[in-house]
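*Asks:* With chain A fixed as given, assemble chain B onto it according to the hints.
Number of protein chains: 2
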Amino acid sequence: MIGPELERLIHLLAKLPGLGPRSARRAALELLKKREQLLQPLAAAMVEADAKLVTCPVCHNLDVQSPCGICQDTKREPDLLCVVEDVADLWALERTRAFKGRYHVLGGVLSALAGITPQVLKIDKLIMRAKEMQAREVLLALSATVDGQATAHFVADRLREEGIAATRLGHGMPVGGELDYLDEGTLMAALAARRVA
Amino acid sequence: MIGPELERLIHLLAKLPGLGPRSARRAALELLKKREQLLQPLAAAMVEADAKLVTCPVCHNLDVQSPCGICQDTKREPDLLCVVEDVADLWALERTRAFKGRYHVLGGVLSALAGITPQVLKIDKLIMRAKEMQAREVLLALSATVDGQATAHFVADRLREEGIAATRLGHGMPVGGELDYLDEGTLMAALAARRVA
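These protein sequence lines are chains A and B, in that order.
The first sequence begins at 1 in our numbering and counts up by one.
The second sequence begins at 1 in our numbering and counts up by one.
If you are wondering where the hints come from, they were derived from the structure by calculation, not from laboratory data.
All figures in this text were calculated on a predicted structure; none of them were measured in a lab.
Some clues are possibly wrong.
No copy is singled out in the list; a pair is fine if it fits within one copy or between any two copies.
What the hints assert, rightly or not - Listed next, the in silico DMTMM-like pairs over lysine to aspartate or glutamate satisfying Cα-Cα at most 25 Å (straight line):
1. K34 x D50
2. K75 x E94
3. K15 x E30
4. K34 x E94
5. K125 x E162
6. K52 x E30
7. K34 x E77
8. K33 x E7
The shape of chain A in the complex, shown without the other chains:
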């Protein structure tokens, strides 16, 4: 009863995080009910974002410029680096306006089970970047999960070998929580209380 066009739309919508098969059906109907206010602008916004947004070759942030606006921002402290798992985490930290350095988006955390090795995350490239920018501090702003903390340990060890100070987010971050879900106040407190890894 549902034709292939709708079936395909629902199937693809269901792949978005946060939408299951049933909510994807509701979303498809909502799109087709509000074609001019929602479906057409959303399709156009997706095509535009795909065409304009590129991954920064320096820090792996998403931006319309390459290198990204943060990498090009000369007002930022040149020897302060923050390592995050994902672009969403970078956004969460930027919303606090409390960090004045630059970022390095890892694109994941180490996981023996998922086969995510230091090679996959290009940890060598991160260490090289920290050395080249003569970083006085590398803040490892990774989630307080087992894999996140194991990754922070691993990167901190590698940085220590190079004589670079590694810090972590301070108290305030709930144990077992994910960085992107913290409220901004807690995240600001954690930034202020960062400590040697």
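*Replies:* Below, chain B alone, put in the same frame as chain A:
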């Protein structure tokens, strides 16, 4: 820090039912991470669905043909009509394969608070259609909410004035629940046990 292209994409994604501002950010990042597997096919599927799917002028179902496949299906009982609130409810009933008549999608239920009057829902058009098809039964498959049941009462009264039998879904539908969220077994039991309204 988030450019206008991304801001716009996130803003539009957040309008989908089931996605809030935070999950819309995650969805936008997921789309931009999986451009070829997800973003581009989804944008294309949306444009295709918008171009091909039309609302059936007879029953208000969504289909690539007009009138829709169900209205054109000559194997269906010609004098049996089912009134539903939404296309999602029509799909839910079709999944049971237990209803062999045709449908009428109201597009909402009566609500004094929201200003949804019988005129807005074009109840007159529904009564006219039931008369013209000489319906022996009109099944009012509306949600078991206060507004849904008030709408069923109102339509049943109008049908009774025309000498047309109105039925409702039987026991099995949980009180206060919404039709689209029923499992198929419960929905089949409710179809089998429908009673005079």
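*Asks:* At 25 Å max between alpha carbons, let me know whether K75 reaches E94 within a copy, between copies, both or neither.
*Replies:* For K75 and E94, the Cα distance is within 25 Å only inside one copy (14 Å; across copies 61 Å).
*Asks:* Is it within, between, both or neither when you check K34 against E94 at 25 Å Cα-Cα?
*Replies:* Between copies, since 24 Å is at most 25 Å while 33 Å is not.
*Asks:* Cα distance capped at 25 Å. Does K33 pair with E7 within a copy, between copies, both, or neither?
*Replies:* both (16 Å within a copy, 23 Å between copies)
*Asks:* Check K34 against D50 for me: Cα-Cα at most 25 Å, and say if that holds within a copy, between copies, both or neither.
*Replies:* Classified as both: same-chain Cα gap 23 Å, cross-chain 10 Å, threshold 25 Å.
*Asks:* Have a look at K15 and E30 and pick one of within, between, both or neither, based on CA distance no larger than 25 Å.
*Replies:* Both, since 17 Å and 9 Å are each at most 25 Å.
*Asks:* Within a copy, between copies, both or neither: which one fits K34 and E77 at a CA-CA cutoff of 25 Å?
*Replies:* neither (46 Å within a copy, 33 Å between copies)
*Asks:* Between the shortest in-copy and the shortest cross-copy C-alpha distance, which are at most 25 Å for K52 and E30: within, between, both, or neither?
*Replies:* Answer is between: at 16 Å across copies they meet the 25 Å cutoff, but 27 Å inside does not.
*Asks:* Treating 25 Å as the Cα threshold, decide for K125 and E162: within, between, both or neither.
*Replies:* within (13 Å within a copy, 78 Å between copies)
Consistency note: the structure conflicts with earlier hint 7 alone.
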